[in-house]
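K.L.:
Given the sequences, and given the hints that come with them, work out the whole structure.
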Amino acid sequence: MLYLTRKAEFAASHYYHNPELSPEENRRLFGKCNNPNGHGHNYVLEVTVKGEIDPHSGFVVDLKQLKETMHREVLDAMDHRFLNKEVPEFRTQIPTTENLAIAIWRRLAPKLTNAKLHRVRVYENHDLFVDFYGEE
Amino acid sequence: MKAHLSRRYRFSASHRLHSEQMSDAENRAIYGKCNNPYGHGHNYVLEVTVSGQVDPNGMVCNLVDLDESVNREVLSRFDIENLNMRPEFADSVPTTENLCTVIFDLLNQDILKRKFTQAHLERVRLEETMMNSFEYSGD
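If you're matching them up, the sequences are chains A and B in order. Okay, so the first sequence: first residue is 1 according to my numbering, each after it adds one. Okay, so the second sequence: first residue is 1 according to my numbering, each after it adds one.
Read the hints as simulated data drawn from the structure, not as lab findings. If you're wondering where the values come from, they're calculated on a predicted model, not measured in any experiment. Quick reminder that beta carbons are idealized off the backbone N, C-alpha and C, glycines included. Among the hints, erroneous ones may be present.
What the hints assert, rightly or not - Computed cross-link-like contacts, BS3-like style, restricted to lysine-lysine with a CA-CA straight-line distance of at most 25 Å: (1) B/K2 to A/K50; (2) A/K64 to A/K116; (3) A/K116 to B/K2; (4) B/K115 to A/K7; (5) B/K113 to A/K111; (6) A/K116 to A/K7; (7) A/K32 to A/K67; (8) A/K32 to A/K111; (9) A/K67 to A/K116; (10) A/K32 to A/K116; (11) A/K50 to A/K7; (12) A/K32 to A/K50.
Unchecked claim - Partial chain A-side listing against chain B, Cβ under 10 Å, derived: (13) F10; (14) S13; (15) Y16; (16) L29; (17) F30; (18) G40; (19) N42; (20) Q93; (21) I94; (22) P95; (23) D127; (24) L128; (25) Y133.
P.N.:
Next up, the structure:
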C-alpha cells in the first residue's frame, strides 16, 4: 500500500454563527470569528489517497485526474468564495475547519475511483489544521 | 463525526544533555556538543493534536480552551527557561524525547483533571530544529 498526497491552495472567507444560540452566546463562543461581515484565510488542502502501484503505469493514481477532481469538486466551488453564503453545505453548518474537512471529504470520496481516499487535511493557517479520515 | 485538530505553538529554551549516571568522558562520547557545560538553546515548535466528535458548533475542541491549557501547562513552564533547572527534569536528561513525554503527560493530566474538552489528546509532536522532530502518543 502506498500513500500519495497532493496539495492545493484556496482563499475563502467565512464567519462562525450558530442560529440556535443567542447573539451574546455566539459572541462569547466564537469571539472575533462571529463578525457577520466575515474574514478570510488562505487555506491549504492536502488530499492523501492510498492504493497499490499499477504495474502498467507505476502510479498509485493518475495525478492529473486527482488534480482535476480536486479542482472541479473543491476549488471551483470554494476558491474566492464566501463559504457561508456560496457553498451549499454551509447554509446549514458552521464553516469551521473541522466541518470544511468533512465537506471536502464528502465531495471527493465518491469521485475518486482509482485510489481510495485516506485523509483530508485542511490548514486554516500554518499553525492550525484538521485531519479527517472518513465517517466513523 | 470524528476529526483530528492540530495546533502549533512556539517556545525557546536552553538545555544541556548530561547524565549524572555517566562519567564526563561517557557524557562527551554520547552527547557530543550537546554536552557543553554552558548549554545551548532551541526554538522549539510544539504541535498538539486532539481528536473527538465534531460538536454542533462545528468544533472538536474550543481553541481558546486549548490555548489556555498549553499556555499554562507548557509555555509558562518552559518558554525562555533553562530546562535543566526545571523540576520536571530533576531526575532525567532534558532530551527532546523526554521533553515530548513530559509535555504529553502535563497536557493529558490537565485535560483529564479540568475536563475543559471532550476531546482526547492524540499526539504531541515536538520540532527541535527544522530537521529533527519527535512524536509521543502516550504509552
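K.L.:
Each hint should be assessed against the structure and marked as holding or not.
P.N.:
For each hint, the structure was consulted:
1. B/K2 to A/K50: holds (20 Å)
2. A/K64 to A/K116: Holds. A/K64 to A/K116 sits at ~16 Å (cutoff 25 Å).
3. A/K116 to B/K2: holds (19 Å)
4. B/K115 to A/K7: Status violated; Cα separation ~36 Å.
5. B/K113 to A/K111: Cα-Cα ~44 Å, so violated.
6. A/K116 to A/K7: It holds: about 16 Å lies between the C-alpha atoms, which stays within 25 Å.
7. A/K32 to A/K67: Violated. A/K32 to A/K67 sits at ~34 Å, over the 25 Å cutoff.
8. A/K32 to A/K111: violated (36 Å)
9. A/K67 to A/K116: holds (15 Å)
10. A/K32 to A/K116: violated (38 Å)
11. A/K50 to A/K7: Judged against 25 Å, a Cα distance of about 15 Å means the pair holds.
12. A/K32 to A/K50: With a Cα-Cα distance of about 38 Å, the restraint between A/K32 and A/K50 is violated, given a limit of 25 Å.
13. F10: violated (19 Å)
14. S13: Constraint on A/S13 not satisfied, violated at 16 Å.
15. Y16: Holds, about 7 Å.
16. L29: Hint on A/L29: holds, closest Cβ of chain B at ~6 Å, below 10 Å.
17. F30: The hint holds - A/F30 has a Cβ within 10 Å of chain B, the shortest such distance being about 8 Å.
18. G40: With Cβ-Cβ at 17 Å, over 10 Å, it is violated.
19. N42: violated (16 Å)
20. Q93: holds (6 Å)
21. I94: At about 4 Å, which falls below the 10 Å cut-off, the nearest Cβ of chain B leaves the hint on A/I94 intact, so it holds.
22. P95: holds (7 Å)
23. D127: holds (4 Å)
24. L128: This hint holds: A/L128 lies near chain B, its Cβ roughly 5 Å from the closest one there, short of 10 Å.
25. Y133: Interface hint status for A/Y133: holds (8 Å vs cutoff 10 Å).
In summary, the structure is inconsistent with hints 4, 5, 7, 8, 10, 12, 13, 14, 18, 19 from the numbered list given earlier, while agreeing with the others.
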